[in-house]
Every structure is written in structure tokens, then in C-alpha cells.
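K.L.:
In order, the protein sequences belong to chains A, B, C, D, E and F.
At position 137 of the first sequence the residue is numbered 141 (my numbering), and the sequence of numbers has no breaks.
At position 202 of the second sequence the residue is numbered 206 (my numbering), and the sequence of numbers has no breaks.
At position 163 of the third sequence the residue is numbered 167 (my numbering), and the sequence of numbers has no breaks.
At position 247 of the fourth sequence the residue is numbered 251 (my numbering), and the sequence of numbers has no breaks.
At position 282 of the fifth sequence the residue is numbered 286 (my numbering), and the sequence of numbers has no breaks.
At position 254 of the sixth sequence the residue is numbered 258 (my numbering), and the sequence of numbers has no breaks.
By construction, these hints were calculated from the structure, which means they are not laboratory data.
Only true hints are included.
Treat identical chains as interchangeable: a pair holds within one or across any two.
The calculated DSS-like cross-link candidates involving lysine-lysine, where the alpha carbons are at most 25 Å apart (straight line), are:
1) Lys-186 to Lys-203
2) Lys-45 to Lys-135
3) Lys-118 to Lys-186
Number of protein chains: 6
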Amino acid sequence: MDHLDRLIALALDEDLGAAGDVTTRALVPDTVRGRAELWVKEDLVLAGTDAFARVFRHVDPEVTVTFSRRDGEACAPRTVVATLEGRLASLLTGERTALNLIQRACGIATLARKAADAVAGTRLKVLDTRKTPPGLRGLAKDAVRAGGAWNHRFGLFDGVLIKDNHIAAVGGSVREALRRAKAHVPRLVKIEIEVTTLKQLDEVIAEGADVVMLDNMDDEQIREAVRRIGGRMQIEVSGGITLERLPRLGELGVDFVSMGALTHSARAMDLSLEIDIARPRA
Amino acid sequence: MDHLDRLIALALDEDLGAAGDVTTRALVPDTVRGRAELWVKEDLVLAGTDAFARVFRHVDPEVTVTFSRRDGEACAPRTVVATLEGRLASLLTGERTALNLIQRACGIATLARKAADAVAGTRLKVLDTRKTPPGLRGLAKDAVRAGGAWNHRFGLFDGVLIKDNHIAAVGGSVREALRRAKAHVPRLVKIEIEVTTLKQLDEVIAEGADVVMLDNMDDEQIREAVRRIGGRMQIEVSGGITLERLPRLGELGVDFVSMGALTHSARAMDLSLEIDIARPRA
Amino acid sequence: MDHLDRLIALALDEDLGAAGDVTTRALVPDTVRGRAELWVKEDLVLAGTDAFARVFRHVDPEVTVTFSRRDGEACAPRTVVATLEGRLASLLTGERTALNLIQRACGIATLARKAADAVAGTRLKVLDTRKTPPGLRGLAKDAVRAGGAWNHRFGLFDGVLIKDNHIAAVGGSVREALRRAKAHVPRLVKIEIEVTTLKQLDEVIAEGADVVMLDNMDDEQIREAVRRIGGRMQIEVSGGITLERLPRLGELGVDFVSMGALTHSARAMDLSLEIDIARPRA
Amino acid sequence: MDHLDRLIALALDEDLGAAGDVTTRALVPDTVRGRAELWVKEDLVLAGTDAFARVFRHVDPEVTVTFSRRDGEACAPRTVVATLEGRLASLLTGERTALNLIQRACGIATLARKAADAVAGTRLKVLDTRKTPPGLRGLAKDAVRAGGAWNHRFGLFDGVLIKDNHIAAVGGSVREALRRAKAHVPRLVKIEIEVTTLKQLDEVIAEGADVVMLDNMDDEQIREAVRRIGGRMQIEVSGGITLERLPRLGELGVDFVSMGALTHSARAMDLSLEIDIARPRA
Amino acid sequence: MDHLDRLIALALDEDLGAAGDVTTRALVPDTVRGRAELWVKEDLVLAGTDAFARVFRHVDPEVTVTFSRRDGEACAPRTVVATLEGRLASLLTGERTALNLIQRACGIATLARKAADAVAGTRLKVLDTRKTPPGLRGLAKDAVRAGGAWNHRFGLFDGVLIKDNHIAAVGGSVREALRRAKAHVPRLVKIEIEVTTLKQLDEVIAEGADVVMLDNMDDEQIREAVRRIGGRMQIEVSGGITLERLPRLGELGVDFVSMGALTHSARAMDLSLEIDIARPRA
Amino acid sequence: MDHLDRLIALALDEDLGAAGDVTTRALVPDTVRGRAELWVKEDLVLAGTDAFARVFRHVDPEVTVTFSRRDGEACAPRTVVATLEGRLASLLTGERTALNLIQRACGIATLARKAADAVAGTRLKVLDTRKTPPGLRGLAKDAVRAGGAWNHRFGLFDGVLIKDNHIAAVGGSVREALRRAKAHVPRLVKIEIEVTTLKQLDEVIAEGADVVMLDNMDDEQIREAVRRIGGRMQIEVSGGITLERLPRLGELGVDFVSMGALTHSARAMDLSLEIDIARPRA
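Work out the full structure: start from the sequences and follow the hints.
P.N.:
Right, dumping it as C-alpha cells:
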């Protein structure tokens, strides 16, 4: 059971508990079989197909789920993207949980696609953040890539990001913070440090880091920062970034822009499951 | 460990893994203590305070979290709603996961408040659905109530909701479906049935149910349905409901209107944690 | 893993631990195959067949378990109800845990059948309670239905049952208790309230509830209560109910009678597994 | 979390699920405190006090449970054996699960006491078996000792018990079975072997074992078996043992008699929780 | 999931976390298949084959692992002991965890073989202890038997071992300690007691035990102890035992010698996985 | 429960199972209290103190464990490094599991110290690998740092390490492998690539990577590689590294040398727990 399986088990448990799907158990005999189609109902970028299929594997390993489209494909309304076959009861019991997952994944991928399109042709890459739906970090990160944006660190374990509080904890010295990080963290994680002023930036340049994050700077400040850094570090811009501002940032010479909104405020997209009782084959 | 604790454990595990918060471990000595304030940054209805506090209990039971506002209270920007004290390292490590939870809960409560306000003064109650963030059903349902809307069933286990596929599974007869439900489900769950036409409605009226759901009907059809039902069942309206349509529905004499958007598309609200290194007391 | 799987995993873990079945491991080579028959040894109503089969799936997915009888069938002594095939070692290792489950399920179903027979021909339905073997709620509830009796609520989550302490907690007012329940609980759960006097009953009638429970009343009181209620609520009788009293209750016009004894004191029925070493097929 | 904690977590989860105790949540404010007494309602031997207390620790660590009687004490009706204090809501939520556990434990202890009394003054010890309520092995074994009877092996891991199928698996030779067991099992577990005929017994005597189980023998056969064994092995008698037969067995010179009924068919004893809303202290 | 599966799940989780194998995911398409051979690189006794295979079952149930050698076989360098087929990505992801397990198991089995060889031809059996790698008790115990040594008790549950602190806890009396043990422990576990002086030994002889452990005695003391015991109990020698001392102990007439080093200090043996991209079959 | 807690729970479960510590339960009353000292018995570097203490917290939260020395301190024989107080039964039950953990951690730290000392004064850092005891990755990595060596990546998630099979999977091109890695992995993990020839090295230099691993090269090859790289990447040397070879490597100008032996073959160090029954305070 990897993390996604654990989340699915939890989601099914909150929907079924020990008492189960009382409606289906009362009305749908175990012998009745069903077919279903997963319909896209609005323009979207597909994501979360693996999670959707796994829900039914948890509910009943004999349900088959076959996707005809893959994560990352743009789909128009009225597209059928998957077909399902199996016990009707299992289709009904898994439906809501599976939809809850794929609708959110598609929402994120679709928003990420919009952001990626906004910087197309520039060197700028749009990054996600750790502001993901709790328990769905992996699903969200996969959806971001499916949409064409890029992943920042996955969690607190695969990248160092030094913020003001970390610096304060070592006595206020940017230099000391960077030195301790270089001394103690595993050899293959990069060190990024957040700065809010050009003065802080100079200290970072003096000591060296892998990436610097320019937090909440306006275009003018960013332009000056890029000039001072002179290619010695990668540059990330962060803080209140909107889709509208992206094209302009693409021209400033920074490497990355991170957007929490990709994962914290994407709405659920409209997909639905059309279920039929299977006709026995002649 | 109840369900919320299991979700929090999962969320922390995806953020920390076995390797942990490498930045904090490298930079923040265990002896440094911190204080923090949780700031509201936009108009919102507070919810998810319990989840926020529990995250820190998972990270470090010695962190204290004290809320001065309660779930359901409307808060203006620049309100401090909680203070935290404990090891600085623990505050930094739990920050993102705790914010991810409360920001979503507040988003749902704030939207629920808008919906509840839209039907104020009518008999109509706005209900949520099972379209909740996977793993966060309880958090979402609590936030809905904090906002002033009402809970439909929690999961598949605490209410019968008969849809077209269930009816098809028993051979297409509304009557047979209702009879089986009455015969097999636990004695204290109510039976609701979905109808899309007035003809189906007549069958339901003939056989009797606790609640009838009018799915995707226009105002005219709803008015006629209410007339035919004549108070013998509770009435729920469902399907593509927007905040704008709510006031008009309030005048039609139905009991409930369910809105998936309350929980599937609420955006995260802006709250942030301001952390300081604690000054030792003189 | 649903709840029954979790219980089975726990039961196997307490029987096997990390050290396992030392006798079988020392004596039975993995290559020896076996066949077994599950024999009924006394008159009983069959239940728990799914749990029995699942135990072997946990021990060894290659064991096949085929039942020729179904839950709810009455079986006479010397009936073979299932055959098993697989590694002899797996049959021996799973035997006791599988029997422990099915023997208890059959005990409950057999007692439930007796209770159901005692009220046959009347409108009275015999209900179970939450007095089930801890960890086996679902198994017990299924066995009750297999026997022909009915399920009260499954747990604390799928029905409201207001008792004296709940009433006291809101200041002693039956009316206030019912109002709060109506205001706060999910829309599809019914509200039942327990009364011990006719005076309390009158308050309930005034405020309205879905079901009223007459606790520990004698036949005379029950008769009077039925008269006052006049069909406006469903009526449950509870408290010290014996099989002997059931037929008389059937004539009083109440809807339900709940019996804790169905699940808290059913004895284990006698079934045994006859195992043979499998002869290779010619 | 040891095994009992895992069972309690499972039992609470089946009673509460993700939705929780909807009645209590709707009616009992978190600020109301309660006191409760645990009353014994019939003659019984107390057992399961630890399990009872732990349930409330799971529900709410701030509830205090204080027992004035200990496992193994005989209690008369109308004895108060424990007092509880804490949030009224927590007392109500944990009540049923806690009672379900202690009522079963007391049932086993009380039956074990009857069996122990029936052999008092003889060398015979009454043993339990592995026919325990699934998930409650430890609780049941503790209750057996509280009643004054003795524990056979706990599970398949702490004792070797060779039955006919094990012998068949090594080719039918009692001698070979015993040799393999002696060669392969951990050094501190004893080896017991079941025999159904005196001929088999002679083979066992020739090869040597720690304990021999005489299965389904009548008094005459048992007497002869005891004579042949002549003190070289411990002797257990098993199969269809009733309380009535125990005194006679006590005179035959065997060491142990095992009774499945101690744990598979003990009924739940009557204990109840009397809860009051706590008066604030003046 | 038995204990080994739980350990494997934990080991994979610490290696993969929620973020997974980032290298393989970026570089190895899911459609590429691979073959691999498991090579022995130094003289060793094979063990841990089941654990090795299970790792891949956790990673991807479609990987096949076929061993041509069995636990307990001595293997020379350059022996191929298993072949694997499946998705290349799955082979790469599981490789390290699977090797970590089998390398340790082989280390233990190889050391156990040396110890067993050192006492060949004597009645002395070399036993392991509970000084095993945490979480790997079963793997270690199986490896000990594969090497030809014997298992002492598995854990604290399947054998009584009375040490000085236990004796002190009952007031210092060896006699009282043995009596309580005989009175309270399950009937099929043996009672062993540790003695450090001949005086203590005499007390044990007087009261009787199943096994006596002579702790840290020299050859002379052991010889005298054997003489006094005179065959009435089994004898275990323990404390600072080296491979060199074993042959001499074999002549002293003791039954067992226990060596913690078998499992606490065996080094990892050299085995490696040679992976190739599978050629498609013509 | 973080990963270490999960491993401890597993280790205690394999030692205790559902049946528990039968010796202690039979002999040591719950009211007897004890004190203990943890003694170092040979020269070692201390590590694993947190794991040691946590074991007792799992067994009994009321046991106090107080260390007077910290991870990383060198300790001579006969040093007392911790004192414990609590129920004697809890001390006895947790003793072996706690020792099994700290003895292994100290073994790793002591070996890491030797390696660190061997390169003191050079720029070379000794790294660990992923060849850690399964389930104990974190404990082992912490012990490596306590000893003064450095951590390579923690798992497959916090660093990219491209090996020959990954290159083969993309068609054999080093360039393509590096490009895909740069395109797909999270922004804060570094990319390391393994080369076995100078020709491969040239390809890596052409495309660029963060770190290059020179696998199984002799000193001459390493020297040439360092020259060609010319400071453009960090350099790791790997493959069959012994303590003896370390000083020489320190002079070659490489940055890191990784040694699997640090964690896969460290032996357990000798520490023991001296337990006494606590004298009541006067």
C-alpha cells in the first residue's frame, strides 16, 4: 500500500464505514453486472486516471477500468475517457470516491496547463508548492506535471528551503544559515533560500546557494536582483502570483515562478459516470 | 486515532516521510522556542480549528495552540484567531500541513455561509453532498455546519438514496425498489429516492418514501411537484444549483436544496502563521 | 481491507504472532495438499460463510472454499456445507480462526430465527441492538438478518437514539432535546427517543419524533401507549425481552421489539472441519 | 498499541465510523461533565476491568475510571465496582463498547470459576482452549485465570499440539511426527500429542512427549491410559467435557481437562453504567 | 500482512516515501521490461529467499522471482541463485530493499553454519537468542535454522526464562520464583532459569525446572554442574561464547549453547543483482 | 507515529505478540518499581539514544529514561550513559528491544567515526549508502552523522542517481538520460550519475550534472577523472572502499567517498542494562 492507496482506503472508509453502502446492498443483487462510461463534461486536461482506477480495485478487484485517454491530454466536453465493467454493485459503491479524486486532479491539471501556456516560449517554468490537498500530495504533484507545469520540492525532505525563521534561529545571519545547511543536509538535496530585500540577496550571493527565492518583489526589484545574481544561482519568484502576471515575469530572466493557487484553489472539474446494467452476451 | 487523526498522520507522512524536515533539523536547535500567531488575511467564516490544533499535537504534544475564536465566527482581515507556543522547530515543521487544513475548512464554511444567507427567512435548508475532498469528509461536513448550512447523509451508510441505477437493478419498478429498501435497511435510516419526471414522482407518492429528490427540474416542474406531494414527504431539489438561484427556490415550498459546490469547489482562504523566536521571560 | 478483514487480520495475528504455527511448520511440508469438509453437527441456521472463507484467503490466497449452502439456510446435523482445497498446512493454520467466526455467526442466526418465528404472522419485527461482540458488529448484524430478524441502527452514526442522559444534558426538557436533534443531525437519519413513563410519552407526542422506545413497560402500559400514539410514530418495545414474551407482544400493536440477547449471549454452534490429505488425481 | 488496544480501536471504529456519535454531538455540549457508576446486576466474577477502562482512554484521555474491585473478585448484585468522571459526552460515547467488553469477560470468568470449583481439592486443572471470541484472545485468557481456571497455549506459536492430520502429513507415524517436532521447534515450547486409542498411546509412550491429550475417551479408557503412562508424561483429557463430568474426572489421576465452552459459549453478564450529570463543586 | 510483510512495507516506505523513485520515474518508461539475475559473490549459506521475493511482490505483483537454490544450500561465488522478470522500473525500484534483506539473512545463515559445524558429532546444539535486528526476528530465526543451528524461544511469549531480576522481584527465592512460574504460565511453555553459582543451581535442582542456564561459568564449573544435575534437566550454557570455544563445550555434556553473535553481529554477505533490459521474444 | 515509532511498534510486537512477556507477568507484581543503569562495556561512539528511550515510552509511558551522554560522544568501558526508573516489569519487558536498537546504532556510529578520522584534514567526506538495516534507515543515517561521517541521499526520493540500467532504458545515451532527469525531477534534488569509464565521464562533462560517481576506478583513473572534471561537478568515489584506502583517497581531490560497510556490516556494540529493584524512598 503506497501513499495513494492509503488515502483511497481512508476515503472509502469514511464513505462506507463498517456498515457499508446500505442502499446498494438492499437493492442490487451481487449477480447483476454493469458497464459504465466516464464522461468529460467540460474542457479540461485529464489527470488522476490511476487514482480513479485504483478506487475500484479497492472496492472489487474484478472490476475492469480501461482508459482510452492518458494523463495530460486535453479533452473536450462529451468525450468518453474510460469504460468500466464489473458487478453493478461495485460500480455504484465506488463511483463517488473515484469521481471525487479525478475531478480534483483534472482541476489542478487544467489550471497548470493555463499557467504553462502563459509562459510558453520563455525560459520561465511555473512551479507548484506544498499547498496541496492534505493526503493528496502525490496526486496533486502528478497533475501539475500532467498540465505542463513543474514540481518544486515534494515535501520537507527533498529540498532545503531556508526562510526568515530559520535564519533567525541561527542568530540572524544568512551566512551562518547557509553554512549549517551545507554542513548537515544529505548530499543530493539543493539549498534554496528566501530573500525579501536586495541587501539579503547580497549576503546570499556572497555565501552561495543553489537557488534563491525572491519573495514578494515587484518587477523593478526582480530586474535588479537578476542583474546582481548574474547567473550564479537559479532564481525563483514567489508571492501573490496570478495568471495575468506570468507573461511579464517570463521576460525578466528568472528561472521559476511558484504558484500556490495551482493546487490550493483549483476547482473540481465536471466528469460523470454513466452506468448501465450490462446486457448478457448472446 | 479517529478518521481525522488518520488523515493528519497521512498528510504529515507525505510531507515528512522517514527523512523529515531537513531544513529545520539542520538549522533550528531543539532548545530554541517560538511563539506564533494565526492571522486571518481576508473576510472568512472560521472552521477547522480542531484540525489545525491536532496537527501540532501529532508533530509535538508539547506545543500549545489556543484559539480565541470558534468555528462559525465571521472574521475580518488582520484578526488574530490563535496563538501557539512551543519548540520553534515543531512550529516550523507543522505549519504547512496545519494551514493546508484550516484554509480549506474556512473556504467551505465561508461558501456555506453565503448559501445559508441566500435562503435566510425561508423554510429552505441548504445541504451539502458527498462531493468532499477525499479523506476530509468529516472536516468538510463540520465546516458546512459552521457556515450555517446543513448536512445531507455523511456517507453511504447513514441514509438510503435510491437512484435510477438502483431502480433499474430491481427491474425498473420504483415500487419494488422502495419495498426492498423498506425491508432491508436498518430501522433508523430514512429512505430518499431521486425522480426526474412527474410520472416517477407519482409512483413514489403511491408507495411512500421519507424524502424525494427532484433532480434537475425547472421552477415550473418543482412547483407542480410540491403541489402533488402535498406535504406527505420531505422534498429536496438538486442539480446545477447556483447561489443566484437559491432565493427563488426558497419561495417554492421545498425543504432542502443540495449543492455539491459547497465542498467540491470552495477555494482555500488566506490565513498565515506569523512565527517569532520566543523571548525568554524575565 | 474493510472492517471484517481488519478483524480477521487481528484474529490471525493473535493466533499466529510473528512466530507462526510451529507445529504445522515442523511437520507439514509445503508440498502436501489437503481437502476438507465443513460439517454441521447440530440444527442451526447458517451464517458467517463469507467470514469463514475470507480467513483462508488471508492465510493463503490459493486455498479454495466452496459453500453449497447460503447464509440463512437451516441445516440439519451431518450436513456438509462447504468444501476446501489447498495446501494442507494452510488448512490447518486457518482452521480454528475460521471456525471461531462461523460458529458464533451461526449461533446468532439460529437464535434470531427462533425470535423471528415467535412473532411470525404479526406486524412485530424483532430488532437487534449494539450489544455485539466487539469487532464483529458487521458479522453479527448480517447473522441477525440471515436468521430473519431485523437490524436496529448499526452504530452511533446511523440513527439518533435519545436517552434520559441526553435529555438531562439539555436541561431535562424532552421538547428541547428533540428540537436540537432535529436541528443538528444529518437529514437522512431518523430520531428515536426512549421513554419510561406515559407522561414523558405525552411530551414526545406533542413535539414529534420518528420512533419512540417504550422502555421496561408492562403489557398494560404498552397498550395504553399504543392508544395515545395513535399511529403518529413507530413504536419500539425494549428491556428484558425473552423469547417467551414475544408472541404476546405481537398482539399489542407495536412495530418493533429489540433484544440484546440475540447478539450478546448466543452460544457458539457446533461445526467442525474434517481435513484429509488430498489424493493426487490419477 | 498492543493487541487489546487494536481491538478496542476496531470496536470503536465500527461503532463511531467517521461520522461519530450523532446523538451526543447534537445534544450534549462539550462543557457538561458527568459521573458514572458501574453496577453489577447479577452474581458474577469480575474480569475485563483493564479493557473497560482503556475504552474510555481511547475515547477521551481525560476521563478517569477508578475500580474498587479487582479481576477475580466475586461480586453480588447491586455492587458498584467502578466510578467514572469526565465529559458527559465521552461517557455516553464509550459506554456501550466498554460494557460489551466487560460483560463478556465477566461471563468467561464466572464460568471458569464454576469449573474451577468443580475440581477443587483434586490435582486436576481446568484449561481453556483457542475457541475464544476472535480478536479477544488475551481478554478471554485473562478472564479464565481470573476465574481460577488455567491457560492452555495462547496461540499456535507457544506450544506444539500434534493432531491426527499432522501425523498423516508425515506418513502416519506417531514416532516420526514426534521426532520432527523435537527437531524443529523452539527449545522452550513443550510438545503435546493427541491420541484417540490406547494403541496410539503406546506409540507415544515409546517415543516420549511432554503432554498427551486423551481425546473423547470414556472413564474406563482414561483409567487404563493413566495406568500405562505411569507418570512419564502429563495427561490432558479433552472432548465434550461438561461441568457435571468434572468432579469424576478429578478422581482419575489426569492433570488437565480442557473445555472449549469456557470461552466459546459463556454468555454476557449483566452490568450497567449509571450516568449522572456532575454537579459543580461548591 | 504477516510480520515480514509489515517490515517490508516499512522498509519500502522509508526508501520510497510518498514521492517515490524519482530517478526511475523520470527515466524508465513503464513499457520497458527487464530480466535480472541474483548473483552470489562470496561463499555463503543461502537464506532469506522468501523475503527477497516478497519485496518485489510489494513493489509490483507482476514481477516473477524464481529461485533455483533453496534456503540452507551452500553457494560458491559466481552462482546465480535466482532470476527475475518484469517491468524494468519495478526491478530497479525494489533492488536495494530486496538485497538489504537477503544479504543480512545470508550473513546469519553462514555464521550459523560455522557454529553448527563446530559442534558436529556432539550432542550439543547451538541456539540463537533474542538479539536480532529489530523488526527482523522471524527472518533471523529462519536463517539460523537454514544454517543448521537451532532456535531458542522466539520472543517473550513462547518460553519462560527466569533471570536474577525476576527472582529478586519475588523476594530473592529461587524456589518461590519457580513455583509462581509453574502456577501462572500457559501449560505448554517450558520454564528455564538462569544460575550463576552452583549454590543457586542446587536450589533449582531441589525445586525442578525444565531447563537450567549456566551463565558465564568456566569449564570446570560447567563440568560440576552437569554432574549435579544428573540428567534431571536440560542444560544451556551462555555468556561470551565464541566459535573457538564451541568444540570444547561439545564434550562437557551440556545440551545447548546460546550465541548472541549469530544474529547481532553477522555481517552482510555479498550478493548482487545483474539487471538487463529484456529483449522482446521473436 | 513516525517511521521510528512504527519500527519500534513492530519490534515490540514480534517480541511480545498478543500473549506478552509471560515470565514477567507471572513473577513481577505491577507494584514493584525498579531502577536501571545503561552501561557501556567497550569503547564506542554513542548513538541511538532517542530510539532507546522511545522503546520504554511504547512499553510504559511512566518509565523515565535520562541520558547523561549525547549521540556522538565517545564513551569508554564502564561508563554509565543513562538511568531509568519505573515499574520493574516495564524495565524487564523493554530491555532487549531497547538494547537491540542502541547496540546497532552505536556500532554504526563507531565505525563512521573511524572512517571520518581516516580522512581528517582532507577535503574528502565519507558518505553512507542506502545499504541500511531494513526499517532502520533513519536510525542508521543519524548514527552515521553522530560518528562524523555524512549522509548521501536518504532514499530514492531525495536525490537522482543515474546508473547504467537507467541509461540503457533511454537507449544508451548518457546525454538523453541527463536531459530527461533535468526535465522531470523536482527542482531541488540534485542529479548524480555513475560512470565506470573515462569515456562515459566525458559525455557527462559535456552535458553537465551536479555530481558524478566514479565507480570502481583505481587511483590512476580517479586522478585523471579529477583533472578532466576541473571543478565543474562534485565527485564521489565508490566501490569496494576499505578504511585502509581512505587516507590515500583524501589526497586525490575528490569530494566524497561512499562506503556501504558503514551501515551494512557494523557489528553490535556491547552495552548492558543493570536493573535493580528500587528501594522505597524513606
